[in-house]
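Listed in order, the protein sequences are those of chains A and B. Per the working numbering, the first sequence starts with residue 1, numbered consecutively. Per the working numbering, the second sequence starts with residue 380, numbered consecutively.
Take the hints with a grain of salt, since some may be wrong.
What the hints assert, rightly or not - The calculated lysine to aspartate or glutamate pairs, modelled on EDC-like cross-linking and capped at a C-alpha distance of 20 Å, are:
| hint | chain 1 | residue 1 | chain 2 | residue 2 |
| --- | --- | --- | --- | --- |
| 1 | A | 165 | B | 815 |
| 2 | A | 165 | B | 795 |
| 3 | A | 189 | B | 859 |
| 4 | A | 189 | B | 815 |
| 5 | B | 580 | A | 303 |
| 6 | B | 770 | A | 147 |
| 7 | B | 491 | B | 443 |
| 8 | A | 189 | B | 814 |
| 9 | A | 100 | B | 747 |
| 10 | A | 165 | B | 832 |
| 11 | A | 100 | B | 556 |
| 12 | A | 189 | B | 443 |
| 13 | A | 100 | B | 542 |
| 14 | B | 693 | B | 443 |
| 15 | B | 486 | A | 147 |
| 16 | A | 100 | B | 805 |
| 17 | A | 100 | B | 529 |
| 18 | A | 189 | B | 545 |
| 19 | B | 770 | A | 158 |
| 20 | B | 788 | A | 158 |
| 21 | B | 486 | A | 303 |
| 22 | A | 165 | B | 753 |
| 23 | A | 100 | B | 811 |
| 24 | B | 580 | A | 81 |
| 25 | A | 165 | B | 822 |
| 26 | A | 100 | B | 545 |
| 27 | A | 70 | A | 315 |
Hints listed in this document are in silico derivations from the structure and should not be mistaken for laboratory results. Keep in mind the model is a prediction, meaning the values are calculated, not measured.
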Amino acid sequence: MAKEREKVLVVIQLSGGNDYLNCVVPYENGHYKDARPNLKITDDRVIPLDDGLGLNPGMGPVKDLYDRGKVAIMHGIGYPEPNRSHFRSMDIWHTAEPTKVGDKGWLGQAVKELDPTGENVVTAVNFSNGLPRALAAPGVPVASVGDLNNYGLLTGIEGQQQREKALSTFNRIYSPAIGSGAVMDYLGKTGQDALRGAEILSTAPGKYRSNVEYPDNPFASSLKGVAQVHMADLGTRVFYTQYGSFDTHADEVKTQERLWHHISDSLAAFYQDLEEAGRSDEVMVLMFSEFGRRVKDNGTGTDHGSGGVSFLIGDQVKGGHYNEYPEIETSALVEGDLRYNNDFRGLYTDILEDWLSVEAKPIVQGTYEKNRPFVGSTN
Amino acid sequence: MVTKPAATETQLMSHLLRRAGFGGTREEIDRFTDAGYEATVDHLLSPPSVESMPQDIIRRYHVDQSDLRIQPATGSNWIYRMVTTDAPLLEKITLFWHRVFATGQTKLIQGKVIMTQLEMFRKLGLGNYRDLLLGLSKDPAMLMWLDNQDNHNGAINENYGREILELFSMGVGNYTEEDIYECSRAFTGWTIANEPYNAQKMRNNTARPYGYIGWQFKYDDSDHDHGDKTFLGETGDFNGEEIVDIICKQPATARFIARHLYHHFVADELPVPQWPHLPPRDPEAIEIMADAYFNSDYNIGEVLRTTFNSDFFKAEATRNARIKSPVEVVVGSLRLSGGYDWPTDDVYDANASCGFMGQGLLAPPSVEGWQGGEDWVSTGSMMQRVNYASKVLGDTSRPGVRKILDSLKPTAGEGDAAALVDASLDNLGYLELGDETRQEIVDFAAAQLAEAENLSGAARTAAIEQTIISVLQLAVATREFQLA
Chain A
1 MAKEREKVLV VIQLSGGNDY LNCVVPYENG HYKDARPNLK ITDDRVIPLD DGLGLNPGMG
61 PVKDLYDRGK VAIMHGIGYP EPNRSHFRSM DIWHTAEPTK VGDKGWLGQA VKELDPTGEN
121 VVTAVNFSNG LPRALAAPGV PVASVGDLNN YGLLTGIEGQ QQREKALSTF NRIYSPAIGS
181 GAVMDYLGKT GQDALRGAEI LSTAPGKYRS NVEYPDNPFA SSLKGVAQVH MADLGTRVFY
241 TQYGSFDTHA DEVKTQERLW HHISDSLAAF YQDLEEAGRS DEVMVLMFSE FGRRVKDNGT
301 GTDHGSGGVS FLIGDQVKGG HYNEYPEIET SALVEGDLRY NNDFRGLYTD ILEDWLSVEA
361 KPIVQGTYEK NRPFVGSTN
Chain B
380 MVTKPAATET QLMSHLLRRA GFGGTREEID RFTDAGYEAT VDHLLSPPSV ESMPQDIIRR
440 YHVDQSDLRI QPATGSNWIY RMVTTDAPLL EKITLFWHRV FATGQTKLIQ GKVIMTQLEM
500 FRKLGLGNYR DLLLGLSKDP AMLMWLDNQD NHNGAINENY GREILELFSM GVGNYTEEDI
560 YECSRAFTGW TIANEPYNAQ KMRNNTARPY GYIGWQFKYD DSDHDHGDKT FLGETGDFNG
620 EEIVDIICKQ PATARFIARH LYHHFVADEL PVPQWPHLPP RDPEAIEIMA DAYFNSDYNI
680 GEVLRTTFNS DFFKAEATRN ARIKSPVEVV VGSLRLSGGY DWPTDDVYDA NASCGFMGQG
740 LLAPPSVEGW QGGEDWVSTG SMMQRVNYAS KVLGDTSRPG VRKILDSLKP TAGEGDAAAL
800 VDASLDNLGY LELGDETRQE IVDFAAAQLA EAENLSGAAR TAAIEQTIIS VLQLAVATRE
860 FQLA
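So here's chain B without its partners, still in its complex pose (with noise of 0.2 Å):
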């Protein structure tokens, strides 16, 4: 086997961007590498700024992003957020937490309370575990789509008691029928404000009378089975709150929540189902992260501080090696192309490119999200990520890609391929391709500019421009770019 050299200080770089964001742009990635990596992982971590374009503004000219009622407006309106933000770590944990504690417009029907839940992911998912944890339980998207309106003093719905267990902490495995009863009574009364006549109109699907409204939490202390439970081997008149405690000091809480940051941030591990069976595929990560956990007293982002700065994520087996979620190729592509800087119709065509290619936001598949990694890639699906990056990459009225086009005239004009192709990877972020990827790209513009060379004039010039887009079109359609 051939030892890889050991990654440049560009390429560690790229690669932290890549995880902890939607990739770098080639200026991006030159400013942090001469700020330093550690340095960087600070700033993503505590982004002095937190900046995107302003909603004002995009409910200016989407009347729809006001009403956030459909998906549409909704995703969209995110994939703005996603786009433009300078602080793109809160972003991908949001996108992180919103994958673990998957909620979906479908149920809800308004997508107004998804979208302030995943306020609160931005708010508390780079804070403390239990915080959030808490926020969860009071938050009425989350009640309503698991049920828990329903869930009564002497009439228990096990619906949120089991997923808070199952996919919120600890996963199958670690507690016992018995503890998800218990840990339902604990969460009697947690339902919200003015329920009957809101679930009714959630389950009429009605905006009548009056439109849609937000919901409120509502701890409702009558309906609250007040009697003592036994929860995981504790027992007392516990209420939601010391359930959300226990969990959180559960040895069992930590490796899944690290289980998944490394799903999301490291490499791919297997389908969700099969955790508890089959062993991590790096289980000294996944201690590493756990440890973290405890020693932070359960703050996410030291978990991630510790993890950014490992061995195991900077080493070569892990760089280029995950599959990139759909909203990873969606935004990663506009952010390469320069992004938006004012409303455009453009962020629908974003937003419906994502569902169709299996990541529809604010519409995960089931209560279990997405489980990502080979599931992303079907052929319809790889259809959609080629065409959508190549069709993004390729249209020149997009500023950074009008930017990089400039850039390279010089070089193609020389007749350099393999110089151009070069140039042309370090402006898409400095993307690594296979030796043999990169040599069949150079024949293909080898081949384009040798045609070039028998014109002149303008036809010359517009053949060379031509060449440099398909050279950035076949860049992004590799399958190396489909890897983050």
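Next up, chain A with everything else stripped away, as it sits in the complex (with noise of 0.2 Å):
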């Protein structure tokens, strides 16, 4: 019989402000070519995919998964009152609280939904070093992975031998029944917690059987990684990596064309894998970024702008674009920058709803228009 397994979201933040146009490229509209004279991507280098639109040249393994009907384009994504400060943007991206500085991330409380007392110490899983705020929540447990082949405690303990007896002092050392108090006792579970997960995912890497060979680029290790640890089936839901930067404010053109082949070439790596591994259609991947840019050129880059570009890929998603592509006409843009149609905590009650089964509106705070962009959503 077949095993039910519960479905599972891989997070890709695409760091740095990732141009929309020059992604997704309107390579047809006159007011495209005048804004980007010394960056436009032309019809002899774009990727066509349809209704006058067309990929950067970088992201030719996101328009095969685009044939398939397996990408989502989430067009005009955005908030009100756009800021343009990489960090308050991103901050507002993972906590989704746009009008005052929020603390809480909206997948961190969607993990304490999944498995309110901790139980799991990695339902989620962070491929990076630190807490993207996205991820924190009180009483939420993440493991943060820098990288799954050196992860663990004590690592600065040289000798394999040596490390692993230290390893067993410390946990007898974090033991609660040797606690006294609540402080202690907080600490010894933490800590053994801490241990616990490592020792879970130290064993991922064994587990994992594939014959795909995944690129040589710094992007793909992390998505790789993810791979190993969701088909060591140890319960983990949300996956989040990150990779840039985007930030293009020179020389745009070969840097986001050299970006999005890592990241692209990874995902079908990555694709390639689950799908032989028949585990496709467990997985959701999001891609997004704090803001697009600005829709005029500065002669090698772009500024930073707002009104932005998401994705969905998967074998759940029903492909396609979602909302229009917004003007680009001078006239139309609000200081130089794209007017967003589309908020992105519309696109989070998608996500949290109709795939991660879980209660989007104390999340996001409020009611916000679906997209309604998988095979199973409902209204």
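Starting from the two chains in their separate frames, assemble the complex, guided by the hints.
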């Protein structure tokens, strides 16, 4: 009997502000050509999709997935009164809180719902050092993995044997039985959870069997780590990865194309990996960036803008375009930027309610129009 | 319940240096113990020397710390100061005010203006609270952080007017919405010079043209609301100065500041949002501190002098009971390992580690700063804390670690594991471990030393050294080391 497997979300954060116009390219649009005299992507280089839109030349494998109906393109995504600071705008995306500075992450709150007691210390796994605010919430354990193959406690202790003995001492000295008081007990439990999480995750590479070759780029190891942990069936529901920097004030054409090559090639390998293991219908990928970039180029790059694009990729997605591409002509712009027409909190609502089966309203704090991008989307 | 013996002078000094600074090395603790407890409190409050690694040397090696634009530059620059200063309480109080008056580079984009704010905390942070609150109200980074440049006569923006009451002085429940409005009116016209240009550059996150420039406070009388205001029961044509005067004389302010100081220096309090609803964990201590506030004409240094010399601070239940903040873990580990005597990129790792553990300097999670206490510790941050401290104290290229290692080799060579562990703990600033924890490490060391005995020559020496290093690493990987 096939086991009903739980749905998993993989987030790819495109850090630095991915240029929407040169990612999903309105290459036939005269206003686009006018605004981008120096770095427009021309007919001969663009990867044509449909409706006069094409993809960045670095996104070939995304086009293949799109042709197979597995890519939803969320146009014109943003929020009211756009903020053009990387950090603030990223915070807004992480906390779903555009008006005041929030401190609880949207995914951290979702994980709290998925595993209220923090029973499974690897319900959420983040592939980077430090915790993205998206995953931060009180009482929510999150494993932050820099490198899955070298992940663990007391990594500074030399010698495998010596370290193993030290870890077993560590386990005993964090034992709640010898604590004295609530604080020591809390530290003990957390230390043992951290040890347990590391032990659980360290089993993943050993269990992993795959013939898929991941490309040799810095992002691929993150997605390979996701595949390894997912296929080890450790109960992880949310994976977080990030890549960049898309902050292309200068030398945009080469930089953005290179980054998209890295991401797309990695995604293709990841998807193939999941398909060969028969696990591709369990996984949904969300790609987002904190903002798009200025419509008019600055010579060799673009400055910070607003209005952007997000992607959902997976077997369970209804592929195609969602919402309109915002108008590009000058009179339609807001301070030189695209006018967003799609609140990201609607997309979060789709994901929370129809993918992770978590009540969205308390997390996004309101009701936003959904995109219904999944095969099983409800009304 | 077993009654613990009273703390020794050494233990008390080690406690004081952990709380009023970032922990002492064995030598520092011995030296100050000889000088005496109260004399050390005086020394910390009025440091005879305020030296740290000179900025011109730092800047020669790290160009970005001249520009101070991005967080790795500003945070690392502050880490240098905390690690190398001979006036640690000045940095601890600066960290305290940064926590209460949390201002973030995330919104202001450039870091230099917040570094200027921190300099103001250094200058005024141990002095009169009225001067500090006035300095804060005129601080360009704070004004922009809380949007007071948008607070105009006839078009009130309440952000600063609210937070000065809620977060910076009295706490919710001690004033009305009307008071917030009147307070905000009094701060109309408090802005920065050349505001439209600087605000636009901030919003658009652009260094062009001309790079980043510092901001200056500007009082624009033509934009100030000169009408009568009624604030906390008093009426008059108040400007910001009078509002600050009225705030400072409130008993609620004294208690709120006392509770914050208690939380930072004495014991982990409840999270701040619960304060209006739940009493302090030690109401008597808060009263003593609040009295010191009024008796000293709002002098924060005097409140701290009273605190450090009080029984509730020295009590057995207070020592080793507060969870260290990430900065305390990082800076404390570095100071134990000998600190920095020359610029090194290691400081960037230290700065990033504070962020990984949840306390990114100049990057508070919100206007409420960091909650602290158990909030510091999650599975992810625990791993970072343990790995960071054990990496630093296991690095024999650091002069302090080398010194400890060399001093412990004779003991270790004799094969007495208990003596080795006890000497290691003394060298880690007289770190106190629970009996069971200590015994586990002794057992670990005994097993390692027994194995070393089967070796000879260089291999034996290496195995003994490795045992010492592992003992140091395990000692700072304990729960006890997570506490101050």
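A quick look at each hint next to the structure:
{"no.": "1", "hint": "A:165 to B:815", "verdict": "holds (17 Å)"}
{"no.": "2", "hint": "A:165 to B:795", "verdict": "holds (19 Å)"}
{"no.": "3", "hint": "A:189 to B:859", "verdict": "holds (14 Å)"}
{"no.": "4", "hint": "A:189 to B:815", "verdict": "holds (17 Å)"}
{"no.": "5", "hint": "B:580 to A:303", "verdict": "holds (12 Å)"}
{"no.": "6", "hint": "B:770 to A:147", "verdict": "holds (17 Å)"}
{"no.": "7", "hint": "B:491 to B:443", "verdict": "holds (11 Å)"}
{"no.": "8", "hint": "A:189 to B:814", "verdict": "holds (19 Å)"}
{"no.": "9", "hint": "A:100 to B:747", "verdict": "holds (12 Å)"}
{"no.": "10", "hint": "A:165 to B:832", "verdict": "holds (18 Å)"}
{"no.": "11", "hint": "A:100 to B:556", "verdict": "holds (18 Å)"}
{"no.": "12", "hint": "A:189 to B:443", "verdict": "violated (41 Å)"}
{"no.": "13", "hint": "A:100 to B:542", "verdict": "holds (13 Å)"}
{"no.": "14", "hint": "B:693 to B:443", "verdict": "violated (42 Å)"}
{"no.": "15", "hint": "B:486 to A:147", "verdict": "violated (31 Å)"}
{"no.": "16", "hint": "A:100 to B:805", "verdict": "violated (48 Å)"}
{"no.": "17", "hint": "A:100 to B:529", "verdict": "holds (16 Å)"}
{"no.": "18", "hint": "A:189 to B:545", "verdict": "violated (34 Å)"}
{"no.": "19", "hint": "B:770 to A:158", "verdict": "holds (10 Å)"}
{"no.": "20", "hint": "B:788 to A:158", "verdict": "holds (18 Å)"}
{"no.": "21", "hint": "B:486 to A:303", "verdict": "holds (17 Å)"}
{"no.": "22", "hint": "A:165 to B:753", "verdict": "violated (28 Å)"}
{"no.": "23", "hint": "A:100 to B:811", "verdict": "violated (43 Å)"}
{"no.": "24", "hint": "B:580 to A:81", "verdict": "holds (16 Å)"}
{"no.": "25", "hint": "A:165 to B:822", "verdict": "holds (11 Å)"}
{"no.": "26", "hint": "A:100 to B:545", "verdict": "holds (15 Å)"}
{"no.": "27", "hint": "A:70 to A:315", "verdict": "holds (6 Å)"}
The structure fails hints 12, 14, 15, 16, 18, 22, 23 (numbered hints given earlier, in ascending order).
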